[in-house]
Amino acid sequence: MTENTALQNSEQKLTAKDLVTDQEVRWCPGCGDYSILKQVQTVIPELGIPRENLVFVSGIGCSSRFPYYMETYGMHSIHGRATAIASGLKAARPELSVWLVTGDGDALSIGGNHFIHMLRRNFNVNILLFNNQIYGLTKGQYSPTSEEGKITKSTPMGSVDHPFNPIALAMGADGTFIARSMDRDPVHLKDMLRRCHQHKGTSFLEIYQNCNVFNDGAFEIFTEKKTKKQETLFVENGKPLVFGANNEKGVKLDGFTPVIVDLTDSSNSVNDLWVHDERDRVKAGILGRFFDNPAHENHFPRPFGVFYVEDRFCYEDALNEQINSVLSSKGKGDLNKLLRGREVWEIA
Amino acid sequence: MTENTALQNSEQKLTAKDLVTDQEVRWCPGCGDYSILKQVQTVIPELGIPRENLVFVSGIGCSSRFPYYMETYGMHSIHGRATAIASGLKAARPELSVWLVTGDGDALSIGGNHFIHMLRRNFNVNILLFNNQIYGLTKGQYSPTSEEGKITKSTPMGSVDHPFNPIALAMGADGTFIARSMDRDPVHLKDMLRRCHQHKGTSFLEIYQNCNVFNDGAFEIFTEKKTKKQETLFVENGKPLVFGANNEKGVKLDGFTPVIVDLTDSSNSVNDLWVHDERDRVKAGILGRFFDNPAHENHFPRPFGVFYVEDRFCYEDALNEQINSVLSSKGKGDLNKLLRGREVWEIA
Amino acid sequence: MSKQTEILERVIIKFAGDSGDGMQLTGTQFTNTAALLGNDLSTFPDFPAEIRAPQGTLAGVSGFQLHFGSVNIYSPGDACDVLVAMNAAALKVNLSQLKKGGLIIVNTEGFDAKNLRLANIPEDKNPLNDGSLDNYQVIKIDVTKLTRAALEGSGLGIKEIDRSKNMFVLGYLYWMYNRPLENSIKFLEEKFSKKKDILDANIKILKAGYAYGDTTETSLRRYIVNPAPMPPGTYRNIMGNQAAAIGLIAAAEKSGLPLFYGSYPITPASDILHELARHKNFGVRSFQAEDEIAAISTAIGASFGGHLAATASSGPGIALKGEAIGLAVMYEIPLVIINVQRGGPSTGLPTKTEQADLLQAVNGRNGEAPVPVVAANSPADAFEATYEACRLALEFMTPVFLLSDGYIANGAEPWKFPQADDLKAIKVEFLKEKNAGGKFLPYKRNEKLSRPWAIPGTKGLEHRIGGIEKQHETGNISYEPENHEFMVRLRNDKVEGIANYIPEQKLDSGPDKGKLLILGWGSTYGAIKTACIHARSEGFDAAHAHLRYVKPFPKNLGEILYNYEKVLIPEMNMGQLLMLIRSKYMIPAIGLNKIKGLPFTAGEIKDKIIELMK
Amino acid sequence: MSKQTEILERVIIKFAGDSGDGMQLTGTQFTNTAALLGNDLSTFPDFPAEIRAPQGTLAGVSGFQLHFGSVNIYSPGDACDVLVAMNAAALKVNLSQLKKGGLIIVNTEGFDAKNLRLANIPEDKNPLNDGSLDNYQVIKIDVTKLTRAALEGSGLGIKEIDRSKNMFVLGYLYWMYNRPLENSIKFLEEKFSKKKDILDANIKILKAGYAYGDTTETSLRRYIVNPAPMPPGTYRNIMGNQAAAIGLIAAAEKSGLPLFYGSYPITPASDILHELARHKNFGVRSFQAEDEIAAISTAIGASFGGHLAATASSGPGIALKGEAIGLAVMYEIPLVIINVQRGGPSTGLPTKTEQADLLQAVNGRNGEAPVPVVAANSPADAFEATYEACRLALEFMTPVFLLSDGYIANGAEPWKFPQADDLKAIKVEFLKEKNAGGKFLPYKRNEKLSRPWAIPGTKGLEHRIGGIEKQHETGNISYEPENHEFMVRLRNDKVEGIANYIPEQKLDSGPDKGKLLILGWGSTYGAIKTACIHARSEGFDAAHAHLRYVKPFPKNLGEILYNYEKVLIPEMNMGQLLMLIRSKYMIPAIGLNKIKGLPFTAGEIKDKIIELMK
Ligand SMILES: Cc1ncc(C[n+]2csc(CCOP(=O)(O)OP(=O)(O)O)c2C)c(N)n1
Ligand SMILES: Cc1ncc(C[n+]2csc(CCOP(=O)(O)OP(=O)(O)O)c2C)c(N)n1
Ligand code: SF4
Ligand code: SF4
Ligand SMILES: [Mg+2]
Ligand SMILES: [Mg+2]
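Chains as they are written, first to last, in my numbering: chain A, 696 to 1043; chain B, 696 to 1043; chain C, 2 to 615; chain D, 2 to 615.
Calculated directly from the structure, the hints in this document are not laboratory data. The beta-carbon is built from N, C-alpha and C at its ideal position, and this holds for glycine as well. The reader is advised that the hints may include incorrect statements.
Stated by the list, open to error - One-sided excerpt, in silico: chain D residues whose CB lies under 7 Å from chain B:
no., residue
1, 49
2, 52
3, 266
4, 268
5, 271
6, 279
7, 291
Claimed, not checked - To spell it out: a stretch of chain A is covered by chain D in this simulated footprint if at least three of its residues, at any positions, have a beta carbon under 8 Å from a beta carbon of chain D; those stretches are:
no., stretch
8, 763–771
9, 774–781
10, 1011–1018
11, 1021–1031
Stated by the list, open to error - Below 30 Å or equal to it, Euclidean Cα-Cα: the simulated DSSO-like pairs (lysine-lysine) are:
no., chain 1, residue 1, chain 2, residue 2
12, D, 585, D, 609
13, D, 205, D, 160
14, B, 947, A, 947
15, C, 196, B, 1032
16, C, 187, B, 1027
17, C, 435, C, 417
18, C, 597, D, 449
19, C, 196, A, 834
20, C, 460, B, 712
21, A, 1027, D, 425
22, C, 556, C, 585
23, D, 597, C, 445
Chain A extracted, bound-state conformation (with noise of 0.2 Å):
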């Protein structure tokens, strides 16, 4: 059974209620995961599948709680091992349906490993990153997204660490599906959740989320009214790159530099401007490098949405595959020929 079958095999529309768990909700009060846990519940029950075959998977981690709150399946694991244990997951029961929770420091610490195996493995699963730029969980250390210089428990002169960059890190590991959505816009984040779900393989979806406890405010710039439209760049496969209050910016390519250009000025035209083209592993690169500090001069806007798609094939579905030739080439195995194996004798 595929997981598209799995979806025809729904008897009743769930709703977003019916996502909710009896255990109380524990996140500190104003924390971002709100809000994500809420896009969640409400973009499931429009993906048709049924209840029974989701499964949650986390890690540890403030975010990692998530699972307790989804009435599916799910698994709190230990931390950095949701990815694996996800790849085993999957390897067993391709139908099932499995979204990934977890941290930066979750993921990208002690998880890098597993998280960049599962990009290349390509499993299809979906990986919502929960990025604060910070350990929330464990009170305040400097996580590996944090930025140069951040001032935490553990790093009271500031932090020397340069951070990851999670989208280029994920181009590097090969993923097929990279894309960064945050907390506060509701309406980008549930798109973006469907698109995760639509995309047959490992979907990284970074989302931004605000811990408003020990790293409050650390993506105010791109989530607030007042500067989000100056300092984002929402991308739309297709589309030009335009971003400002009023559309009045876009991004154009100089051979490989790319251009912030005034759109009022009549010298540029939207028309010359870089159009985003999701599977264009170079502009995506360019893209995901779109990453400096908004506290510099001349920054470029940062980018939400899907950055890359690729189409390549799941794990999974090999490994299946593999079994189902042998299968149908030998036949399914004996276990009498296998105990008796190549050469036998007899004692009588």
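We have chain A; now place chains B, C and D with the ligands onto it with these hints.
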């Protein structure tokens, strides 16, 4: 003491012989590791580093036996962790010249996480990754660099893992020096080793290495005279991308798309070719993706040389700057004060 | 109206409220003042597992227990004399810990309809009205209202105003226990030096709380707790994790080595990292690694480089370090591994305490990989235990386990801190030249079976180390069967031989032979000691010995054990030391086991003592 | 000339040569033929640690020991009767294992100047000439020369010709022990079905070797080893790793579950992965993970998904799995963890055997995380032990450790394999509907204290599991102190309770009370059994019990132990079972410990028996 002042302390010139230990070299006869060992022993003396300031650190694998054969300080450690061990050593002793020898399994399978974290932190360490696309020491299982469909002991029906592209992965992890060489080209290999040393920051050198017992000929097409010139592209900074038996072919860029051109055709000129720029991240990215299966038609030649270089602060320098800055502002810590703490009371 | 003043020997106060109510700060302030007045004391905070559980809920209750007295205090104490409850949830969670007849001080505003609902109390069961507190003395104060009234017109917002209500409680308790306000005022002045309005508000409320006690008739009693007969000297207050951090720095300073600390955050060990990160002026290199394996691996690298290297974690993280610890055993390099134990297995009860990782420390690796194990007894003792772990690591060129736990880590007590000069010397000498007639033998041993430490940069001592079995003395790879057995036994002998260089086991109290010995290790110290005192006062004179060294055991431990008819081993696990003692000494020692994520109370142990002795 | 024929009861032959000499194949061929003739037998290969150590060196020697007889054989045997040495290094490495007066068959060409030098033998000390072999019978054959001569004109290159020289030795031994060539010829025909010239050459040389024995006077004796009195039935030869792999498949088939195997290669466990990867037609999903943590994690995921899930590794890899094993303990899901033990600590002696990971299996995790431990005794027994581990995992919803070792993994012996129908049933039923009156309680327990298995895809049983302490029955997160203690004890009781569902401990041989019991576990089985037989024949009648279950111990183990004055526990470690037995049963059991990376010889154990009994 920095690495450079250490250099000057060197008293008498080393020779390759001085770097040979009394331990019998125990790789299989014909193994590509021999040649690499030889080139390292040849290059090191040129660098003028006193022998006692050299440390070779390795994990586990055939390649990881390397330190036993270098008459320097050395650590043969555990599988996958050499990068982490070297990070600690370099953080503690920045003046040492630290070389890391690892395999495709050691660095990219079990050690993948420490590998990408070392790259982003940019410790000034030289990573030599002996890529033989196989697990040698454990007698022939596929590795994360083995090609799709690879038949090995653990994949009798062919591997269904999509392999890493180590260059792309290192780019994604924000590596600051990324290069490739091969066991069978001593001159090039030596050159790359020198470049590794010169680069301040983590130097990542992938070395194609023939495992003649479990994966013989994996790189034959790149290393053997008959095909080498057609199948490889030796890149040099500032030079156009030219290859072929008589340098009759070149690569130019058509927008973002690399195209192979025939230079014997008069409509093409060397002047139109892509000129290699080590410091161009986007182009390095495209170059790194010259990674087709040479069996495919119209495939690109495999590049060798330095793909990418970037200057970025090293973790250990930033760390030591912090220490020095507190030392100069606060002065050396006073243990009695520390023991005493902020608030005390007397009991008479 | 004049109020009665009573002299008390000891008091246990539990400050409890919502996570946002500032009870940790209130408790700490009261503690510091008590310390300055010369009381002996011991404290233990009790955090909620969530960062910020929803306000007002049972899960969100944060507590701080203080035990102070004019007598010696060895633990935060069992049942409380006083319970401060800022809301209904705090009362509900903590009431069972209060002595019958004890005093409850409540903030009435915390018992409104909303708070009752959040605490899952039916509205008609409001404990303030339904008679369920009849067996206690209850002082009801509408702290919120009083605070707001006092700060009316201060210009502060209601949120900021409410945030200072804990000062009211503190002031009230200062009045009740006859304590001066100065110390806390000084603290506030430092803390809010840049926020004058908030500073003023806090001081005002602190004084208002004091005045409230003085003028109203909420309580007719005040209490005096005189200074304790503590050894003369200068004291400070210290928490266990802080003590461990300072112990590492002290050992580095005394041995003349730079300190490297590789760690990955985990509750309840993270504060060691935080503390060390603040002391870069001691040359401390603290490194937050990508995971626990990297953390210990970086420490191994730094140790090879000649640093005093340490790593710390808690159970799950320690599990990840097992392979690398084995490597350090083979390398024979100094390394201190701190396990701040928490409730297990797996993620378990991350914010709670337990002692269930002892056998993991002793056996949790592949092959015969002996590692000495040192245990800390109390927050202040964590300093000495850590220092000793460093000393053993350096002098014996070996990884050493230091076991602490959540109770020690977050607990605090007065510490008669030493002077740097008083600390035991730690002599470390790097090998400078070849040690065997023109040859260098990296695994040649001294009388302690310890090998030389030859660090990179030393000319002529270039050598390679690895995890494959080594030839005796040369350290070269050797697959030779006889050599393997020899080396396995040698490494074992080296660790067991440490028994010759550590103090003999002493009794902590009690007769040197007789009916019952209580053998403890780790944070059960205070509870056992107190239990013995109480049992003794009831005529049951049990002896108490407490292990600093769990591996190897002190040489004379067997002798001591054989002097008693019965041996009782209280542990916060299913009987781990018990197993080691039974198998080694063949005595039918008895376990007293508590696995609740909570420390023993002295009462629990005392009851067992009496049961076994009568 | 007619040659004398002697009947022997048992023979131990060691085939030794350079890694490239094909000694493993020669040994295997001789073994298979012996098996077909009805001999009982046991074998053990002895690989060099390097993949291909330099030719001719001591490090490059590869050996294969075969013990076969007309009596029951329980181990590859102690000292050899016959040593085949293809070169000087092979002789030097193995000579000490040869019985005084034993037979040496050498290839003289392997003793030329070059080979002597490579073996570090001074040229004037050529053992073939210097009289050092005077106490042995030496048969010198220039195998290389004879082979080349026989194949002159075959059209094959010299390298290919030389590669068939092992067939000469095989033929010669077939002659000496009166064995037919047919079986090996059949084997060659299959192997070289596509290389006719090489096939012909090999057969020719095999026959040449036989003929050489027949016609020359190199030996005047031939031997007959009659069939052994083995229980009637059909037999096959099997190696330990293969048996474990088949055991997993059999358990999956019998339980009706698909098999998932997550693993990362490591010596000596990799062959289980290789074997399983070949059986995709049983629906086996074998997954080579990026490391050991991922390997067990994938297995955990698959187990949650309803597969029979297993993982295997050796010591260092098992160390890495500790944290995840703890998670599986908390989850209470079925999982089989196989540890093919090798020499430790750390990387240790990767190609050698040891039993030093027992305490790691029992205690190597944080917190109280009990896991049942099952041990395999011999290569064939690995099947049953694995099957049993699976059964326990599935019936008790728990991770289970299966301990094997390098000696079992690579050793081989005849196996009277079962029929699928004869295998114990394994009943697995996924929960299909709510189990508590309209509610679903994922941690509700049956009489075995086992919880239901409700897998994704089952409507109405959606639930969440995690590593934080769980509330009894509901499985919800609970920080409640009483619940924690209750659950820790419950998980412990569940594992200890398995003792009620496993067979009682039986004696393997010897009197049921008396002076001495030998208690063993794992691969010491054959050596202990043989030692007991020999000691008995010398009048020392010791009893032997061998543990299949190391945790929990069988219910009646104490009773058995108390029936003997002394208990001896031989182990290839420093006394790990010893510690468990001493602490649990309070008996002063005695350890016999060998830590050489080599199995015990029966002689070593017999000597100890006699020492203790006389
Ligand atoms: C093996 C292990 N190491 C460390 C921890 C402690 N720990 C729990 S969550 C966490 C990091 C949390 O950060 P992140 O993944 O970003 O999640 P967030 O809490 O920010 O959502 C750490 C270090 C652990 N539980 N297990
Ligand atoms: C923790 C651990 N897991 C597995 C192994 C077994 N092992 C040793 S080397 C190796 C892989 C070797 O491959 P690679 O790194 O490519 O090195 P090569 O031998 O090819 O040079 C493995 C799986 C080990 N020693 N330790
Ligand atoms: S600590 Fe931060 S991430 Fe965690 S629940 Fe609170 S606000 Fe959210
Ligand atoms: S197995 Fe391969 S990589 Fe290893 S030493 Fe032999 S040839 Fe080299
Ligand atoms: Mg985070
Ligand atoms: Mg390799």
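Each hint tested on the structure:
The interface hint given for residue 49 of chain D is broken, as the beta carbon of that residue sits about 9 Å from the closest beta carbon of chain B, more than 7 Å. A cut of 7 Å between beta carbons decides the hint on residue 52 of chain D: the least distance to chain B is about 5 Å, and the hint holds. Given hint, residue 266 of chain D at the interface with chain B, holds; its Cβ is 4 Å from that chain's nearest Cβ, closer than 7 Å. Because the beta carbon of residue 268 of chain D sits about 6 Å from the nearest beta carbon in chain B, less than 7 Å, this interface hint is met.
Nearest Cβ of chain B to the Cβ of residue 271 of chain D: about 6 Å, under the 7 Å cut. The hint holds. With a cut of 7 Å, the hint placing residue 279 of chain D at the interface with chain B holds, because the nearest CB-to-CB distance is about 5 Å. Annotation: interface hint on residue 291 of chain D holds; nearest CB of chain B at approximately 5 Å, less than 7 Å. Under a criterion of three residues with beta carbons nearer than 8 Å to beta carbons of chain D, the stated coverage of the stretch 763–771 of chain A is upheld, 8 such residues being counted.
Interface restraint, the stretch 774–781 of chain A with chain D: holds (4 residues with C-beta to C-beta distance below 8 Å; minimum three). Requiring three or more residues with a Cβ within less than 8 Å of a Cβ of chain D, the coverage given for the stretch 1011–1018 of chain A holds, as 3 such residues are present. Given as covered by chain D, the stretch 1021–1031 of chain A passes the check, having 8 residues with a CB less than 8 Å from a CB of that chain where 3 are the minimum. A threshold of 30 Å between alpha carbons decides the hint, and for residue 585 of chain D with residue 609 of chain D the separation of about 24 Å falls inside it, so the pair holds.
Distance check on the hinted pair: residue 205 of chain D and residue 160 of chain D sit about 16 Å apart at the alpha-carbon level, within 30 Å; holds. For a cut-off of 30 Å, the pair hint linking residue 947 of chain B to residue 947 of chain A stands: about 22 Å separates their Cα positions. Taken as a hint, the residue 196 of chain C and residue 1032 of chain B pair is honoured in the structure, with Cα atoms around 28 Å apart against an allowance of 30 Å. Note on residue 187 of chain C and residue 1027 of chain B: the hinted pairing holds, with a Cα-Cα distance of about 28 Å set against a maximum of 30 Å.
For the proposed pair residue 435 of chain C and residue 417 of chain C, the alpha carbon gap of about 44 Å is over 30 Å, so the pair is violated. This hinted pair checks out: residue 597 of chain C and residue 449 of chain D have alpha carbons roughly 24 Å apart, not beyond 30 Å. Between residue 196 of chain C and residue 834 of chain A, the direct Cα distance comes to roughly 25 Å. Compliance with the 30 Å bound is thereby established for this hinted pair. In summary, the hint linking residue 460 of chain C to residue 712 of chain B is supported, as the alpha carbons are separated by about 17 Å, within the 30 Å threshold.
Proximity of residue 1027 of chain A to residue 425 of chain D is assessed by CA-CA distance (about 22 Å); at most 30 Å being required, the pair is judged to hold. Among the hinted pairs, residue 556 of chain C with residue 585 of chain C is consistent with the structure: their alpha-carbon atoms are about 12 Å apart, no more than 30 Å. With a C-alpha separation of about 21 Å, the suggested pair residue 597 of chain D and residue 445 of chain C falls inside the 30 Å cut-off, and the hint holds.
Hint compliance for this structure: hints 1 and 17 are broken, all remaining hints hold.
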